[in-house]
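Chains as they are written, first to last, in the working numbering: chain A, 1 to 342; chain B, 1001 to 1233; chain C, 2001 to 2390; chain D, 3001 to 3179.
Just so you know, these hints were derived from the structure itself, not from any lab.
Certain hints may be false.
[Unchecked claim] Here are the simulated lysine-lysine pairs, DSS-like style, with alpha carbons at most 27 Å apart:
id, chain 1, residue 1, chain 2, residue 2
1, D, Lys3176, C, Lys2189
2, C, Lys2201, C, Lys2189
3, C, Lys2367, A, Lys140
[What the hints assert, rightly or not] Label pairs and their calculated CB-CB ranges:
id, chain 1, residue 1, chain 2, residue 2, range
4, C, Lys2201, D, Val3174, 55 to 63 Å
5, B, Arg1048, C, Pro2319, 23 to 31 Å
6, B, Asp1206, D, Ser3139, 30 to 38 Å
7, C, Lys2201, B, Pro1013, 42 to 50 Å
8, C, Val2312, B, Glu1023, 36 to 44 Å
9, B, His1213, D, Glu3171, 36 to 44 Å
10, C, Glu2217, B, Gln1168, 48 to 56 Å
Note that beta-carbon positions come from the ideal geometry of N, C-alpha and C, so glycine has one too.
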Amino acid sequence: MTSLLALPYWQETAIKLGLALAVIPATSLILVYLFLFKMMAFMQSRLGPNDTGPYGSLQLIAEAIKFLQKEDIHPAQADRRVFRMAPVVVLASTFLLYVVLPAGPDAVVQNLDTGVFYAMAVSSLSVLGILMAGWASANKYALLGGLRAAGQLIAYELPLILAVMGVVVQAETLNLQGIVEAQATGEIFGFGAIGNPFILTQFLAFLIFMIAAQAELTQTPFDMPVAETELVGGFHVEYTGFRFLLFFMAEFGTAFAFSALAAVMFLGGWWIPGFDVHDNVLNILGPGVMLAKILLIAFFIFWIRFTYPRLREDQLQKFAWKVLIPLALANIVLTGIFKVVF
Amino acid sequence: MDEEQSSEEASAPDEKRENLLAELSENLGEMLIDSYLRPHEDLWLRVRIENWQDAVKIAKAAGFTYFGFLSAIDWDIAPDGRYENTEFDGGLVEEDDDPVELDTSTGYAGGDSRFQLLAQLNSLDRQMGLILKADLEDNLVVDTIRDVFPGADWHEREAHEMFGIVFQGHPTLHPLYLPTEFEGHPLRKDFPLLARQVKPWPGVVDIEEIPEHLEAQLEAEVMAAFEAEGGEV
Amino acid sequence: MTATSDREQMAYVAAQAADARINVELDTGDMTLNIGPQHPATHGTLRIACRLDGEQVVVAEPIMGYMHRGYEKLCEVRTYPQCTTLINRIDWLGSFANEVPFILAAERLMEVEAPPRAQWIRTILFELSRIANLALFLGDMGVQIGALTPVFFAFRDRERVLNQIEEVTGGRFHPNFDRIGGLKDDIPKGWIDETRSVMTKMRTFCDEMEDLLVGNEIFQARCRGVGVIPGDVAVGYGLSGANLRASGIDWDLRRDANPGLAWDQIDWRVWTHPDGDSFARYWVRLQETREATRIVDQLLDGIPSGPIMAKVPRIIKVPAGEAYVSTENPLGEMGYYIVSKGDLGPFRVKIRTPSFNNISVVPWVMKGVYVPDVITILGSLYFILGDIDR
Amino acid sequence: MPQLPGLIKGLGVTARTAGRTLFPKRGWKTFIPAPQKGAVTVQYPHEKEAPPDRARGVIALHEENCTACMLCSRQCPDWCIYIEGHKVKAPPRRAGGKPRTVNMLDRFDIDYALCMYCGICVEVCPFDALFWTPEYEYSEPRIADLLHDKDRLGEWMETVPDFLDYEAGSEEKVRKVPR
């Protein structure tokens, strides 16, 4: 693999780390501004924030500053250490996800051979944080929210992984770069100009992945752990100030990361048709392509979020275990058969 | 029920309600004390307090299955009047300090006691309403009708806290609106409405008259100025 | 005795048995969850104390009074015209409709009848406040079960109706427009055409709600079969309005006990639904909103000309007597029992509000449901706090 | 015709609304995004809502017409109107007449912190001295400042709109605002 710049290991690591640290707040900034503020507002015949900065684009920064100024409050009965740790755990899971997300042939923090496996593993860490938050808040709503989150995230982890298995089987690798490569070099019935984005062959897996991701991200219609109108915010009901900000950032950072995963696994990732997969130019153009694809997927995630009502916990579990998992299993079997036949 | 009727029809006897009255008086028998009928409008029945529950059951059997409301009336005259000590305080307090004429009538179908129980029932089939009344004895105890109409549950709780009526057989007769430690029964006429007592009524202020000893002097001054200007306005 | 207590008893026994069974193995005591007084779903300050077994409600007990303003007492120290300003504030979302039964009851005692033009305009404003009120419900129900957007649509389109009300009465929320014997003022020029175009927009709004919520499979999954109230229970509890009609009881005071407004002179129908669940309640209200726009359209076509005030004395004294008049308000049967002693003000006013009876069914209907269903049921019963607490 | 699933229809509704907000219908310019025009909200401090003429915003006092008859103060359900006045002698209307006794208004305060905007005072006024105006921007940081005296109430007179014409079929007469 050719490198963009020949740098010592520690310098490269420092740059990557710095980038990752900057990227996560930036991603939530983009998502929140574009979708939560503006798109939702337009869908509801309003303007959204439009006073802070051009077209209100600095609104979130203003709000972040406001959050940072707030007093750090613990509920009297809270388990303080766990209470403080919870948002950090959730955010850490988000950070860890970004480690394997590729934005170009070399533009990746760490190109792990088991990238998919790793991503799935660390994404479920957030359950721990949410459960900690729910438990430590000493609040019944938070507790209910935390337990719901645990039940839900565990139920949807399975279809998520099973959906990804189809892709892995087809790409014959667990490495995310390898999956991009497989899509770039693949061809559909001899036609290879646009490669073989797996959304075409793995459409069912894509759907299951998106639904499961929606649940994993606790977005409507699967937002029972937060459920403003029932649990008044669920697990983060007692959080204010910068701890709430951490949860908030983690929520949108994870949404971004999952959109990126979907883009890598189903939409061909950073590859642009007509370029060689190892072309150095893609290190520059790749992030842009990725961003466009991520925003496209995030658009669907948020569009659904703003339109649908939420399901009930038992209906959600039923849906996961009785519909999604069998479908995902069937998809793996079909993929396997096709893999052997062709 | 079509009330939009021409004047002849309106003055025509209300057969529907008269039939109902006849039927209910027969069913109620001894329980019924008095009745009143406003043609094409409503029917009032006053029953014995000890038969309250039975009367409600009989009404229900006669088709009055829809529960409207249950409440009470305190026929006492409010000792504080209407808190507006002027001519606008209609009739109760006269300006010339005549002894106040107290209106002690107790409404349609009469009444003998200070507190009167009141319930409104509807019949969906007959498309009519019915108002039941009963005079409460001094101990203010009456049987609950919660078992006849489950909807009466909260209405009885409300009447309990607002008037102090005790509904025998009601299991959860704790306050509905008021705080647990609240004392008194707000809808009784002798319960003062503080909001109207802590503040003087701005309407009592009247326009200041010219003091008599100044009147002639002021008049002269005005006329002098008037004539100085040439008598034109 | 009735199905009610049977069901109560069975639920109780089952809960006790479940408790006993579980307690042997490990101590999972019930959890008490206070929904409210400050809670987004109670739009106001209603508190529902739920005993939960897991996420299942064992007993739900509504506790109110946080907003009790004592209107019945306050009315006793006010004159009749002053009372209407209070009455506006009972169900603040459909406040014009609140004035009507009070005024009608006073008119009945005074034996005055408003001129036809006043009655038609009253009916139009009544139906407009019904549309404004129910439009908010149609959106709010969405937000109760997690859909963010419908409520914004509701606020957007309700504002158009409120503007029409404001153009006539001068008040968006508290019109205080009804007078004993007629109305305060006539309608301004151009208002009829504007209202007609607003009614078209409201029908579009209803279609949008149909697409966004009624047709939505998730919404149906959340609402169908949740909070079923059979007809006989609804009647026994004195439920009214769409809650009663959604239980299959064909009873609408506009048609069945018209106290003298213009409803009997136009062509409209009463909507019922046999299911009695939350979905039925939503559906009935949606159809009623549509029907109300049609009623308004018809009424606008036929406003008779003439005066808007009957001959009444300047200082209103209502002759001694008693009267109970109720009308079919947006929330259900709202009635005033006025006891008059020939005074300037009423001697006693009993206000029969729909939400009070509607919400009294909560302990019965909420046995054994899940916490999210509590919200669905509360939302679909549709109460206004001012209407419960008065 | 097969029924579209409700889930997809719902997405259509939100997308359509977003489209209408972003690209409001306005001839050839439709394709230029103009959410400022498409949104139904009023950007309050920048642009102002225009309430209808009959809106009950604030009460204006036409002092010349007030005879300090106390009717409004007595009819006010909230007891928020405070009037004081005294009698004075005034010159006769015609030459050779007798001096008249007229009421002078000393104080006319409305406490908007108490007022509930019912309009009874405006209605009972027999001398056309009180009027509603749709103005609404008079909030104050201190609650005591919401007590408007007669000068402040008089200032509102400028903003009183003319009474509206009535719809066909009305027998009411359009009243005039004294200016």
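Going through the hints against the structure:
1. D:Lys3176 to C:Lys2189: Holds - the C-alpha atoms of Lys2189 of chain C and Lys3176 of chain D are around 16 Å apart, at most 27 Å.
2. C:Lys2201 to C:Lys2189: With Cα atoms ~21 Å apart, Lys2201 of chain C and Lys2189 of chain C stay inside 27 Å; holds.
3. C:Lys2367 to A:Lys140: Judged against 27 Å, a Cα distance of about 20 Å means the pair holds.
4. C:Lys2201 to D:Val3174: 55 to 63 Å: 29 Å, violated
5. B:Arg1048 to C:Pro2319: 23 to 31 Å: Since the Cβ atoms of Arg1048 of chain B and Pro2319 of chain C sit about 29 Å apart, the hinted range of 23 to 31 Å holds.
6. B:Asp1206 to D:Ser3139: 30 to 38 Å: 34 Å, holds
7. C:Lys2201 to B:Pro1013: 42 to 50 Å: Since the Cβ atoms of Lys2201 of chain C and Pro1013 of chain B sit about 49 Å apart, the hinted range of 42 to 50 Å holds.
8. C:Val2312 to B:Glu1023: 36 to 44 Å: At roughly 38 Å between Cβ atoms, Glu1023 of chain B and Val2312 of chain C fall inside 36 to 44 Å, so the hint holds.
9. B:His1213 to D:Glu3171: 36 to 44 Å: 53 Å Cβ-Cβ, so the 36 to 44 Å window is violated.
10. C:Glu2217 to B:Gln1168: 48 to 56 Å: Check passed, 51 Å falls within 48 to 56 Å.
Checked against the numbered hints above, the structure violates hints 4 and 9; every other hint is satisfied.
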